[in-house]
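Residue numbers (the working numbering), protein chains in the order written: chain A, 1 to 846; chain B, 847 to 1087.
Heads up, some of the hints might be wrong.
[What the hints assert, rightly or not] Simulated restraints, written as ranges between beta carbons of each label pair:
hint: 1; chain 1: B; residue 1: R971; chain 2: A; residue 2: V413; range: 50 to 58 Å
hint: 2; chain 1: B; residue 1: P864; chain 2: A; residue 2: F404; range: 55 to 63 Å
hint: 3; chain 1: B; residue 1: S983; chain 2: A; residue 2: V333; range: 49 to 57 Å
[Stated by the list, open to error] Example chain B residues on the side facing chain A (calculated, C-beta under 8 Å, incomplete):
hint: 4; residue: F936
hint: 5; residue: L955
hint: 6; residue: G961
Hints in this document: simulated from the structure, not taken from any laboratory. Where a beta carbon is used, it is the ideal one built from N, C-alpha and C, also for glycine.
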Amino acid sequence: MLRATLKGLLGHKLRLALTVLAIMLGTGLIAGSYVFTDTLDRVFSDLFSQSLAGIDAQVTGDVSEELSTFTFPERLPESLVDEIAALDEVEAAVGTVAGLVTLIDPNGEALGGFGPPTIGTSWSDVASPLTVRDGSAPIGDQDLVIDASSADRLDIEIGDEVGVIALGEQERFEVVGTIGLGGSSNFGGATFVSFTYAAAQQLFDAAGFVDTISVVGAGDISPEALVAAIEEIAPENTSVVDAATAAEEQLSGFKEALGFVNTFLLAFGYVSLFVGGFLIFNTFQVIVAQRTKELALLRAIGATKRQVRRMVLVEAFIVSVIGSLLGVVFGVVLAIGIRAAFSRFGGEIPATTPQVLPRTILIAVLSGVIVTVFSALVPAYRASAVPPIAALRQVTARPTSRLFRIVMIAGSVISVLGTGVIAAGLFLDPPEQIPRAAFVGVGAALLFIGLAILSAAFARPLGRTLGAPIRAAFGAIGRLATENAVRNPGRTAVTSAALMVGVALMVFVTILASSLSATTDKLIADTFKTDLVVQPIGFGAAGLSPQIADRIESLDEIEDVVRLRQGPMLVEGDVEFVSASELAKIENAIDIEVVAGDLASVGADGVALSENAASDLDVGVGDTLDVEFARTGEQTLTVRAVFVEAGPGGNIYLDLEGYRRNFTEDFDQSLFVKFDRSFDSAAARSAVEDVLVDFPGTTSLDQSEFADQAITGIRGFVGLVYALLALALVIAFVGIVNTLLLSVIERTREIGLLRAVGSTRKQIRRMVTWESVIIAVYGALLGSVVGIVLARALVEALDTDEIVFRLPVLQIVLAVVLAMIAGVIAAIYPAQRASRLNVLEAIAYE
Amino acid sequence: MTTAVRAEQATKIYGSGPTEVRALDGVTVAFEQGRFSAIMGPSGSGKSTLLHCIAGLDELTSGKVFIGDQDLGQLNDRELTLLRRTRVGFVFQAFNLVPTLSASENITLPLDIAGTAVDSDWFDRVIDVLEIGDRLSHRPSELSGGQQQRVAVARALASQPDVIFADEPSGNLDSKSGAHLLEFLRLAVDEFDQTIVMVTHDPVAAGYADRAVFLEDGHIVDEIDAPTAEAVLDKIRTLEV
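Extracted from the complex, chain B is given alone in its bound form (with noise of 0.2 Å):
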């Protein structure tokens, strides 16, 4: 299976001295393309760290990541722009659509600032899986806060990236739109074919994935394949005794 995004002893300090912390110490982990990854830990763990500095959103202190195989640390600011636009998509917490603009031109976004044309094809899948044809015209203000996220989810799809990088995307939603949203990233996983890297303390949301790695200060110390919600629970009891 190829890889679409690794990291190789990533390492990220912040501060020095006394009042040094290293939210990452030599993380080596990989993500399969077209898979749903998620990356699980507790708060402080290093996980949404790892998560922006795979994504570009941040650099390393040491070691080196890469999307494909680019590597991100060869890149200066504009380039990594130009990567981000074209080959990542982002799903945040929260605060994912711009407000002036409508659905439909918040999910051609990254297309419309590239000048690249949209796919109308891809673009009426991807809006016909995740049920938001009804909403297009709609400012964010006037959706749900489910119906944001989808939007959100639809953006990322939008210009088919390489890879999804979602930072706890039910994590301000309630449980049933949470659920309905996990399973649409799970939907864009097995219908197209999409790599999706998620971060996530929450169990249920992990049990979507097809794999958990577990973060903790800043380490790899753990990982299940095809993960269930339970399986999540035990191990994140086992780690924390």
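With the rest of the complex left out, here is chain A (with noise of 0.2 Å):
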């Protein structure tokens, strides 16, 4: 049997190719997805474990894991540098004072935008992974020395003058020097710089504080007994491990963030694949249908029922295993053009060679092996159900419609499982292993495949609708055209859910992204009542000196400015991204309704909450919240105001004296700003850039402006999106061209036919053209009503009056106009093929 079956398999090399090619882009982004984040993962333990060499323990303040991400721990007093020092396990300590920086370049730029973050750390000879490439390393307090790659990138050499901005005013620098890590000249992608001690603690306001003991121990102690001895001289919430663990610690905070990434691709990746599947099921259907004499034939001379079927299964088997592992090639391609994509955005990431692990190719082929072999089950079942008098005689398998009753009770029962499936994730609490992202998976998936079996019925009717105007315009071969699209009403719906499912998935992401926007622009209308909002440029910036605030609040023109802070806190233990401002005046600022409490009285130990956070955690005004931060530790804040509108600074708002008590940062975030009306307004925006100016890198919006930063941000989220789609889009493309094909080798007698009665060739590729743009818009449309009904239905589920339903038409006909552009271009090889079938042969052909 195994013969028989390989022989089918190579006598249809172009039906294998375009199944294999289906196999390969489905799983090309599962594995991709696995093989750039592990070539990160591995990017960043090999810096990590480098930027412990030469040290055995470190000491630093207490932080919960989940907080050690975002945010720094409580500074340690000075003074414990010396003590430890002095044990007799210890043969050196030095104290590190480290910040986030806005670097400015000799012209005067900021550097860095939206790239990683720039870090300024203070320099020490001993007991520091830095070494010193060019130069000489910082010794006057006016010295900097730059990491060598970054020197590079930024084009910055020894001798150059830079600026520097932590807390204060801009300092300036003279780079004597070039660093690296060890033997690494690129530190992850971040710009990193170094200054004297003195010079650090002056920047980051440290007078007295370090962030960082880096300990040697003395002769071979091991880093169990350095520990120990650390910690008998170390106050309360310090936290003390030795090298390999504050490894492991850092890398762990990476690796979560990482895992985000990975699922979020991988998300894709599995889209990609499904739509995969509805290909295979479909050429397998075919080839089944085809090969009825010969499976016929085979149980006529005595093959069971079993053996036939396994000879379809093993063939799905071998194509998805060969398919599976030129996806995982197809894998390291997409894992550098993601690293690519991110560079764009994000700045470099180090280049290394790509991370293939044993587990990527496992799940790659289990997943493309699992999806293939599911696909073809029913047409195996097919296969096996062909009676061995079909050998005999001419049978045409149609489907009963007592079948068809049925196929269609089960797509219904399939998809109102899917949308409960969908229902229960949304609503439900799910038990806590299964996240509820699954269960929207997997009801959506159910959802499309019960959608796909559906769509059959439709099939015939809306494509003779299509095709009316066709019929219309091109007579005969426009009716052929529409005829054969709805010849095989299962067939072409199974082609057009492929396309069906993409297409759903990006009109989704349209419509959210497009009432997000409306939804944005409306909150900042409703909500802005400043006249300028000052901001750092990129996500990776420090934020504002505090000194921009004080320095604005001080202008004549200015009336009033209000501080935005943001930072992670732990509520019931999940990290909540909380605003801090300044409570008392932040009316003037955003609009916000308070319904109970006061906002003026939060305090330093206070805590105001937005009605959804406070029904949440089921507290009200008066009540006490337990919390903890990373620099304090656990606190209990007592809710004193309730809001409605959540505005710009989401649902938990501390007062900045809170803050300034819980965090160890002290920039701000956002800068509200508002004019005095005795001013004219441009006068009094031009002495705010004014200000601005000595502080590069940080910019002023206008209401309208800062709406339109907020779409812009939106609208590069989807264009990802998109990107991470085109996967999908280009497979149920590919799926079209293959059931044309399919389709023109079935019809080869009749398209001879055709021309032996007189079609032109011309005609004949107009004919398949046709079939195919009918096919694909059949696709776009029913995408296009799927993914609007599930736009509206999460918008619904939302269930709240603040978000902007808006219905993006334009961009929906430019979906389907896009889908009939794609059919045409989907049938220029099928079409080709077709009006170069000889005629003769094509009548004679058996």
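Join the two chains into one complex using the hints; note that each chain is given alone, in its own frame.
So this is what it looks like as structure tokens:
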């Protein structure tokens, strides 16, 4: 039987190639996700272990693991350094001060922008992994060294003068050297600068304190003994870990972030593979239909149903293994592409050999095999149902109306089940281990399968309707094209379903994005009460030096400035990003409606919550909330106000006093600036901008600019989603090519007849092309409808009046037009093939 | 009498060297207008090849084919297609109809493809003579084999071509339906003054023709005017000896 299977495979190279291609594309992104994140993991594992080279233990303020990724712990007193150094077990102990800075290049431009952050530390010759590459270490308090790869990238040379902004005004430094981290000159894409200890303490406002103490043990003392000795003298809330543990801890936070990226990419990988499943299903259906006689002959000479079934499944298995392995290769290419894309948006990621772990290959092949074999199950059962007698006579198995009804009922049940699972994922509390997204994903997959089955019922009437203008324009050829498109409604339904999935997701995201943009626009218009917002440019930027607010506030043209800060806090074990502002006067900046309590009374130990947050946490004004900060550990806050509008700041507000007490960072995130009405607003703005000239890397935005910036962010995200969905659409496109080719091969005699009675090649091409367009447009229309319904359902499910539902009609029309063009392109090769058929051979074709 | 189709020194060679097959070997023959001609011969005699070549479906290795005064060798693919569309009708042994189209759509297919208006008087006469008026809206799958072949004949007649080529038109039918179909072909010649060239190996089918040409090993070996089934059978026996 195996030999028959292999012969069958090799006998249809083209069909094989397209199926393999679909599996390859489908598994490619899955493999690519792993290759990409494994490669990054590798890069940063190396980096973190190098960053602790030469150090035996590290002492920092204690911070819970959840918060350590996002923020700094409490600083340590400088005196602790000497106390540790004095221990017998210790050879050397060095205190380091570190923080985020904005680097200003010799031309006065801020560096970094949207890339990874710029990190500044104090320099040490001992107990430090940093080594000087060129020039010298910083000696004077105006000296600075920079990592060699950033110096190269930013075109900074020894002797250049650069500016640094941390918490105060811009300070000028002279670049005296370039540094590396052990053997590497790249710090994981971040820019790394170092100053003298004194200069760093001054920059980060840390006189008398250090952030980290790096310790080298005396002699060959064990890490455990060293840690124990330091813990003896360390004050409370201090964390002492050996170097290996420290590297692991640093890596674990990073790995978690990487896990999100991986899951996000994988989701699209599985969408692609799912779409590929439709193509595979169609191909095997046709293979079985075309081989009815051969299968019947096998049955007649004694093959069991089981053997026939297994023959189809083994064919599917072989094809899927080949396709999945090629998918891994394609995945490496994709991973390199993703890295390049990330580099464009997020700065350099150090290049390393792409990491292809055995796990990656296993998962890619396993997913490919499962989806393929699963897709081939129905065709395999159909194959085993071929009666031996079919070998002897021409039987065209037509689905009976009873079977059709059963299939339609199954389709409805699966659709309803899918909808139910989605709803369960959205509204019910799923068990801990299974994320909500898994419910929504599985539900959506079921819904799409159900709809694909159901759409077979609409394929005929809808396809004919779509074909009406084509019939009117092209007469007999148009009629033939339409009839061909709907002739096998099941196949048309499955082919267009692949496109439906891709288009539905695209339309869904497009609607959500445009609704979100409209909502943001409205929200900003409703809540934006200030004249100007000052913000840092980019995500990696340190934030705004608190000096900026002070200087703007002192301007005559300005009535008021409200500071907004953000930071992480643990609430009931979850990391929440809370906002902090000068709550007594926040109403000058944001339209915030208080329903209970008083914002002005929040103070250092209080918190203000939105109505949603208050009801989620089941607290009201006067109740207390147990939280945890990185700097100060567990704290109890009293709820002093509840408000309606979330505004730009989110659901939880601290007063600035509370923030200062509980966070080490001292940056502002945004400043809301209100002009003095007695001045011209243009003059007021230019006065603010004059201040900002001294702080490169910052920008001021009025209401419409602020809204534009928010919407640009949404658009960027949508662009990323489009790019990732593109693969699914390419597979759907391959599916159309596949179906057309199979149809052309099946209809060889018919096409020969058409040629014999006088159809020109051009007319045959046109016929195939219009068939393709009908299938494509059918899929795009179904997808648009499903996308619109899903988006509408989600907006309803969110159950708030704040979301503005916006239907981007133009984009949806464009999607359908693009599908039409895709249909035309998909038909090029099959149409060419059909028109080139030799008339005589076609007529004689068995 | 005018010639509708003729071949001059028609030679068709398949393969080359030791595997060379001369399907047609210098055949010169003419078929007159308004007559029903049969090309007879055993399998492998080259009769189907001759039909394909004179119908413009296949190219000769050497020699010439004319439909009317038109030398087919002078035409490119597109011109040949247009010639088939307007001046030639076909009836094949099987798979004559497009399954997605109704009987009447199948009949007018060549005209529709050409974008030519249907002559409804002519259409009515043809379906009347072929007795398929009540089956026009049916799909091929809903018609009997004999009805399908009559629809195919109607299609061949629809464009009033110069000549109709029929390749074993009754080959797939039972003897009663086959006889019926051949009567219709006869009618088409007698009633509508059509020209039909039919390939067959069946002496009974040849008995309906005005003339039978005998082909063997790529050569014309004999012919009979106004053949009867018996005469044809006798001739075949003598040829095969």
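Okay, the hints, checked on the actual structure:
no.	hint	result
1	B/R971 - A/V413: 50 to 58 Å	holds (56 Å)
2	B/P864 - A/F404: 55 to 63 Å	holds (56 Å)
3	B/S983 - A/V333: 49 to 57 Å	holds (56 Å)
4	F936	holds (5 Å)
5	L955	holds (6 Å)
6	G961	holds (6 Å)
Of the numbered hints given earlier, the model fails none.
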